[in-house]
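*Asks:* All chains, please: the whole structure from these sequences, using the hints.
Chains as they are written, first to last, in our numbering: chain A, 1 to 452; chain B, 1 to 598; chain C, 1 to 346.
These are calculated hints, taken from the structure and not from any lab test. Bear in mind that the values here come from a model prediction, so they are computed numbers and not experimental data. Quick reminder that beta carbons are idealized off the backbone N, C-alpha and C, glycines included. Zero decoy hints are in this set.
Each computed DSS-like pair below joins lysine-lysine, with the alpha-carbon atoms no more than 25 Å apart:
1. B:LYS350 - B:LYS292
2. A:LYS139 - B:LYS563
3. A:LYS85 - A:LYS139
4. B:LYS578 - C:LYS135
5. B:LYS112 - B:LYS33
If you only want the chain C side, here are some residues facing chain A, beta carbon under 8 Å, derived:
6. LEU249
7. LEU254
8. PRO255
9. THR268
10. LEU271
11. ASN272
12. ALA279
13. VAL280
14. VAL283
15. ALA286
16. LEU287
17. LEU290
18. LEU294
19. TYR298
20. MET301
21. VAL302
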Amino acid sequence: MYHLILGYVGLVLSVCICYQKNVWRIAQLGSLLMIVPVLNLLNLNMFISGISGALTSDFMSVALVILSVWLLPLMLIASQQHMAKDTGLYQRIFIICQVILMSALVLAFLASHLLLFYIAFESTLLPTLMLITRWGAQKERYQAGTYFMFYTMVGSLPLLICLVGQYKMMGSLSLDLILGGMYKGEYFTNLWWLGCILAFLVKLPLYGGHLWLPKAHVEAPIAGSMVLAGVLLKLGGYGLMRISYAWGASALLSGEVVFALALWGMVVMGAICLRQTDLKSLIAYSSVGHMALVVGGIMTGTTWGYNGAMILMIAHGLVSSCLFSLANYWYERSHSRNLLGSRGMIILFPLMGAGWFIASLMNLALPPTINLFGELVAMVAVYNWSMFSVIFMGVGAVLTAAYSLYMFGMSQWGEVLENYKNLHVMTSREYLLLMMHLVPAAYLIFNLGLMF
Amino acid sequence: MVGMCGMLGLVSLLIMGIFLFDKTKENLAQAIKYSGFMNLLLLTLMVVSEENEMLLMKWEWVKLGGYSLSISFRYDMYTCSFFVVALYVTWNILIFSFYYMSTDPRVDLFCKYLGLFLIAMLLLVSAEGFFQLLIGWEGVGIMSYLLISWWYARSDANTAALQAIFYNRIGDIGLVIMLVWSLMNTSDWTFTSLYALDMFNVFLVVGVVLAAMGKSAQLGLHPWLPAAMEGPTPVSSLLHSSTMVVAGVFLLIRFSPIILMNSYAQAGVFLLGTMTTLFSAICALAQNDMKKVVAYSTASQLGLMVTAVGVGVPQLAFLHICMHAFFKAMLFMCSGGYIHGLQNEQDIRKMGGFLFATPITSSCLFIGSAALMGTPFLAGFFSKDPIIEAINISNMNSWAIGLVLVATSFTAVYSFRLMFMGVGSASRMFTLQPMNEEYNNLVGPLQRLCYGSIVAGVVFIYFLIPYQVSILSLPFTLKLAAIMVTAVGGLVSWDVVKLLHTSEGTVNVNYLSFEAQVGFYSHIMHKIMPKVWMTLGENYQMQMIDRGWAELTLPQGFGQNYKLLADNINQTQTALVKMYIAIMMLILMMMLMLIALS
Amino acid sequence: MSPYISPLFGLAMGSSVLLISSSTHWVFVWLGLELGTLAFIPMLAWWHSSLEVEATVKYFIIQAMAAAVFFFGGLVMTSTEYISGLSQFVGNFGEVLIMFSIIMKLGLVPFHYWVVDVVQGLNYLPGMVLLTWQKVPGLMVLVQLVSMQNGLILLIFGALSAFWGGLGGLGQTQMRKLLAFSSIAHLGWLVSGCVVGTMLGSMYFILYVVLSIPVFVFLYILNNTHLNQVRASLVSNPVAAMVVGVGFLSLAGLPPFMGFFGKWLVLTWLLNNFLVGGAVALVVGALVSLFYYLRVSYMCMVILGPQQIMVSLSWRKGFMGSLLGGLVVLNLLGLLLVGGISSLSK
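*Replies:* The structure is reproduced here in structure tokens:
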């Protein structure tokens, strides 16, 4: 599996030395080729299989690795347009930033040692920070980057302490050796557990610590938004799954608080999204709502919960990234993210309207998409934990449908404003990007067994 | 035999799906026609072979832990007959929409949407498991969203579509409850395993009833149905009268064995149905838009179907679904013909005297209304009358029974009013209207559905016999209750309407009354509910918490506190060496004393 | 200064360290400390400006005071047998005095006041030597003196330093003051490491030195003393600005840079010895200082000032290209260390 990392190193080198006119082509093609070695990781026999050195893969990590490797060419395709006016060197630095981010992500997902996972987890922060604050468009990106860094660091430094403490307690942090055996000492077990999961709860994000997410998603350029919504949130989910696996039964220690926050978060994020006027902010808040169900699923500790969370993560990654890129098409032409002023898009861009429609339908978890499947499975797990949670989840689902279709209706239908009537048509690059998002999502409907 | 029928039925579904991709809409209509007739053949075969039901076709979809989830189809008498009815009606509506939407540039897409809707509906009906039901359920909901907002530049249509989705989704909470419960308790989500469980559970039944309320516009979740009249008339006639709104009733019929196990549940469903039917009938009396009258009439009939389930005769409810499809679709088509003829005028106060302008359409209106009222030996009679008989001889709440009878009479009232205002009275429309019915695409479907309205009752009653044995000796008055009530209502209404609308001088029409404003329900609910959620979203969550307390406590709070500390620290850096030395010596002395004296 | 005199001072500073490391009697240690200080003073006043002279004098006064305390402590250590009640925590009285004097010399809280003013007054290169080389004598004494038994006070001071250094730098816009506070914070981590083990302390110190040198050198090359000047440097000398930015992030302790490795080591050893409170306090301090490190690297790498246009970077700027290569690679060495984790016992 080291060949993955070496592949990305090679990609960096080739982007450095190629001619300027080829740089985007080489980057996109190279990153697309990285899918090939990743796909042969699809050995999902048992937990922690395929160990080679410090890297391992099992059903939790493979799907997420494939998602992240798949997202890199998508990010590059999406940013080609708005980076076209930058100088050649800055274009290369931008691409290299994304490639470094992706290789850190792959390392994080494939790590077999929790400290390696931690280092890779932290390493993803810097390239993302660069993407947000260096290539964002408004001056609010500065505060967005600071919030992003600090929220994550406040969570992850206690994680470091707890991991190092666990290493002392158990002598090893390798994932295959610590199953269910985390420190169950006499003192402050709750605090140890909280320290372990706080980083991931903030990253996911759980409802209480979600402030960084709308800021970061909105201010980031399209590549940053796509990777944030698509994979970085899932990093939190993945870490939560691993740590919960390692803690075993004592993972349910104080789970009630987390559950309460997650369920309430589902409902209230739906309500917030109904009032958003910023298109990207709407999609960002919807991510918080979806991830709340992921948290719920993982905290139950059941197989169904984990599976549901897993499917939901993959589905949400693809759909959210698709929605961001759709919003970006409009933003590149009109330079506005305002939802109220962007009406009647389907008149201007009919085929992309179909894309908006399918993405909105997947966002609201329409059967038979995988979003619905993940939601159902996670809902069953949470229902098993408490009967009354179904009220919150039901109301959350209603509000999700309401704002998804509100977003679709507001942006696509209605009358087009005069000043938008001369926007240039959709390019095939944009259609390609749309298809590359939706085709895997559609394929997974039929072949869901790919992830189990 | 049944297996073969089922297979062929599903094959016809598949073929229609393939024809969705055809370029011309006529081919799609042809495909649906031939499927309809093939399914009729299958129905005949099913009837002849006299078998009951068959479970078909199970594909394993995914393995999940110890469970394996699959797609499975159920093909029984309900499915088979509904296939025939739905296909026949859809074929006719497609032909009608060739006429109605002929000037629309996107008419091909429209027909494709209708075809897609049909496939979703048939999936729903032939579903054996919850997941497939959910696929069909949400599918019809989304197609309804697209079709209501067909003229999407119109903001009324946009809001109506969103309203429909909203109410449907609230019903979907019930569906989610059902799914989740069945998965936990039967580790499978097929109906067979639920029936085999043979136990009553409140949670499950609440879910079923909620889902039915949402989809079939029962009282409480009903405002979307009249609002859905924003869509073009073919949409109203297909979705919101014949097929989609009956999905909720269909669900109730599927789950009737479980509901009828518990008398409280049964009573609840019964009361829900009766309240809906009366309320809608009252509101239909005061509507001035032709399509709204028919919409409320639909809601009233849906309430009657739910009442039938509650009383214990779900087969009659299904029979009424099939009958109702015929004449209600025809009624909508008639109104579509009038609306086009009057250059998109829908107000019945500006109609009149159509009998001579459009004889065929008016005759169909008359026959359809007659069938709706339950005129003996037309289609509606064979389902409505037994339902009311069953209600009369049941041991349900007699007040509710009275409500049903009153609602039945109101059916006659608004039907007569509609016919008087449209057909019977003097003409109030502008002169020089291009009132023309010489279109094959208009008249053909009307005629076919007319034949259906007349004959279908006799045909269907042959094989859709209720399981319960009906009492053969009934008092004279109870037996004739429905007809008498209808006749009374019709006569009174004819008189009153004539009096009201042909007298000299102006008539004070009270448009702020309870019935004209639909019970003020939407006024209250559509102010309160959005306000609640939007206030929660913006005022509480966004302004108070997200931009308020959450920011103040965590990031800004820490920032302010640390800034305070940092200011203090920087003030200690006075740059005076004497101060430094003094402080250092002081601290040194203190620490030394501390250490020395301990 | 004449090129004939400076080697003398350099020689004196080197021999002071040798003296400290090789002597057995505390008088010679004191001698070495004084020698080092005295030899360093002229180098501080290289540029003869009044600000530099003031900083030099401050430095001298404080160091002299510290040396006096050291001498007193040595006397107390040899001549009295005074045992205090806290001796199991802090050792005997003389050792305590010596320790305090070393704390004064190093610049640890609560005796850190001079560091800020001195570093602000000096130019970058002497400041760099002050913050890196001049710690060596002090650390040599400290590691011999301190052990787990009597390290409690040092741990407290260390944690307080990390926090204080973080807080102090929050309001700074002068780069040298910022670096001074950052060095106070790092010193806190350093002495916590010394408490736990000699090897750890040395390793952290070496890491800190290696990290600081590129930052100071490139700031000197850029000649930036204020944060606003740093912001303007991205366009004028992008390479140097990048190095400064990366260097600051490394100082902040962010993975995958090398600075993280030092912090990780210290935390590991602290937790191995069950000093959870100290670990938590250090971490809080690191979090606070992260803010200004992040702000500086924003200025260097991310933000353009007004009226600045992005021009294309040129890769070669003379010798700086090679210096860049060496120093940045050194900073990113942390990535290679990642592979070394696999050798951690499973």
